[in-house]
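Undergrad: One letter stands for each residue in the lines below.
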Amino acid sequence: MNGIATLSPFDLSLAAILILALSGLSLLMGLGLVRSLLVAALRTVIQLILIGLVLKAVFAQSEPLWIVVIALTMLLVAGREVMARQQRRFKGWWGLGLGTSAMFVSTFSITLLVLLVIIQADPWYTPQYAIPLLGMMFGNTMNGIALGLDRLTQQAWQQRAIIDARLALGQTSQQAIADIRRDSVRTGLIPMINAMATAGLVSLPGMMTGQILAGVDPVEAVNYQILIMFMVTAGTGFGTIAAIVIGARRLFDERQRLRLDRLGPGRYSRQ
Amino acid sequence: MVDVAAETPVNQLDLIAVKAGDLVAVSLTVVAGECLVIAGASGSGKSRLLRRIADLDPCVDVETGGDPSFDTGQIMLAGVDHLSYSGAEWRRRVAYVAAESQWWFDDVASHFETLPESEQMQSLGLEQHLLQQAVSRLSSGERHRLALLRVLMQQPQVLLLDEPTASLDPKATLAVEKMIADYRKRYQAAVIWVSHDASQARRVGQRHFCIEHGQLIEQGRVP
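Top to bottom, those sequences are chains A and B. Take 6 as the starting number for the first sequence in this note's numbering and just add one per residue. Take 1296 as the starting number for the second sequence in this note's numbering and just add one per residue.
Don't read these hints as lab results, they were simulated from the structure. All residues carry an ideal CB built from backbone N, CA and C; glycine is no exception. Some clues are possibly wrong.
Beta-carbon label-pair distances, calculated as ranges [to be verified]:
1) 1337(B) - 184(A): 25 to 33 Å
2) 110(A) - 1402(B): 37 to 45 Å
3) 166(A) - 1494(B): 45 to 53 Å
4) 1336(B) - 180(A): 48 to 56 Å
5) 191(A) - 1369(B): 53 to 61 Å
6) 1418(B) - 198(A): 47 to 55 Å
7) 1323(B) - 254(A): 47 to 55 Å
8) 166(A) - 1410(B): 34 to 42 Å
9) 166(A) - 1326(B): 29 to 37 Å
10) 254(A) - 1369(B): 43 to 51 Å
Construct the complete structure from the given sequences, taking the supplied hints into account.
TA: If you want it as structure tokens, here you go:
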């Protein structure tokens, strides 16, 4: 095969017909998904075209400031998304701050480590490496933290009588919530562990598929995929654990009393 | 404060201007070995008061606004302010027993730090083998008595009982009353007992209170 089969707008609109077909079926079955499906598809097109243009410009300049701006934008959007997915979220700045800061610490430290020690590009912040890696990190860490925090706050709410009874028996707040905390971390990490366990057997990971389609040697694509999966799993793990540990503390006050009043309703909650 | 502690008898619970929910600030003393019964309509603040004493709720109801970190009143055990202990340490001394029992492990025994002996089980009309059973197989009465035993095994100095016999039949009710009376006398524990049942109040209590219009009113003392 010589080079890459480039995709024309016509090719992409053929693919879009599939989405329209799905919307039609959703309409027939009364699933109520048409609107969200079409809006999401439209967002995909617009957002990806925009980021494609931005990346082209940034790659051409290799200006560190732009990389910082893009990274921070990704962080804030991901943080907002984590907050939006909570059925019961922490009130005030904690709602946005908890997920965002956990993501900030785990994502940036691991990406930095990989760029400096493993990839060793010159300069280390070369945008062709830094931005895709950060993107992969944010996408997955966001999911882990969102799932874990949602589990934590939901379980604490549902099991409030049990937590209360354990506190009344003289358990410390961290003993009283230990089971829920463990369960929440597990919930955040299981998607990544499953993805690692089935990688290449059940599905070919998206990044690797993309590289192979774009004409890269499969063995080279595999090497990068392994690197990505390890760093993404570590990032998700550390980020989720940090968010859950801090979140579990925030559910109690200095007298070790359960403080569910620190949680408010989220976007999807029905009250 | 050290002097006060030295002079105050062990297991004496002192409340000084303690606020809980809509209740007017409460001041009272429960001496060691005494059982004080509180009656009052549902929603009058009995549970709130007990939970406040156990330091399970912040003082000001944060749902209606107000600064939740602002605690008023003083709660003291044997002359020592509850704030001298961590929340967990305080609740080991001053145990709150809710009207409904809660279980979080599959089997009964895992919920006990030290397992009760067979005489203790028998005095409550419970078979020893219940400890090895799954919680889901117990009747609600059995669960409730075991939950009470779970608290007593930790030997708290003060018991705060929130309608502890509401879900029990008359026979089990009497067994629980006797068990608590025995515990109170043996360990000189101070007891605050919330009860709707007037005849039970007469059986178990030495001092009687009721809550009316947000006020805790003393109604009488049985010698």
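Undergrad: All hints, please: hold or fail.
TA: Comparing the hints with the structure gives:
no.: 1; hint: 1337(B) - 184(A): 25 to 33 Å; verdict: holds (32 Å)
no.: 2; hint: 110(A) - 1402(B): 37 to 45 Å; verdict: holds (40 Å)
no.: 3; hint: 166(A) - 1494(B): 45 to 53 Å; verdict: violated (29 Å)
no.: 4; hint: 1336(B) - 180(A): 48 to 56 Å; verdict: violated (36 Å)
no.: 5; hint: 191(A) - 1369(B): 53 to 61 Å; verdict: violated (43 Å)
no.: 6; hint: 1418(B) - 198(A): 47 to 55 Å; verdict: holds (50 Å)
no.: 7; hint: 1323(B) - 254(A): 47 to 55 Å; verdict: violated (35 Å)
no.: 8; hint: 166(A) - 1410(B): 34 to 42 Å; verdict: violated (24 Å)
no.: 9; hint: 166(A) - 1326(B): 29 to 37 Å; verdict: holds (32 Å)
no.: 10; hint: 254(A) - 1369(B): 43 to 51 Å; verdict: violated (27 Å)
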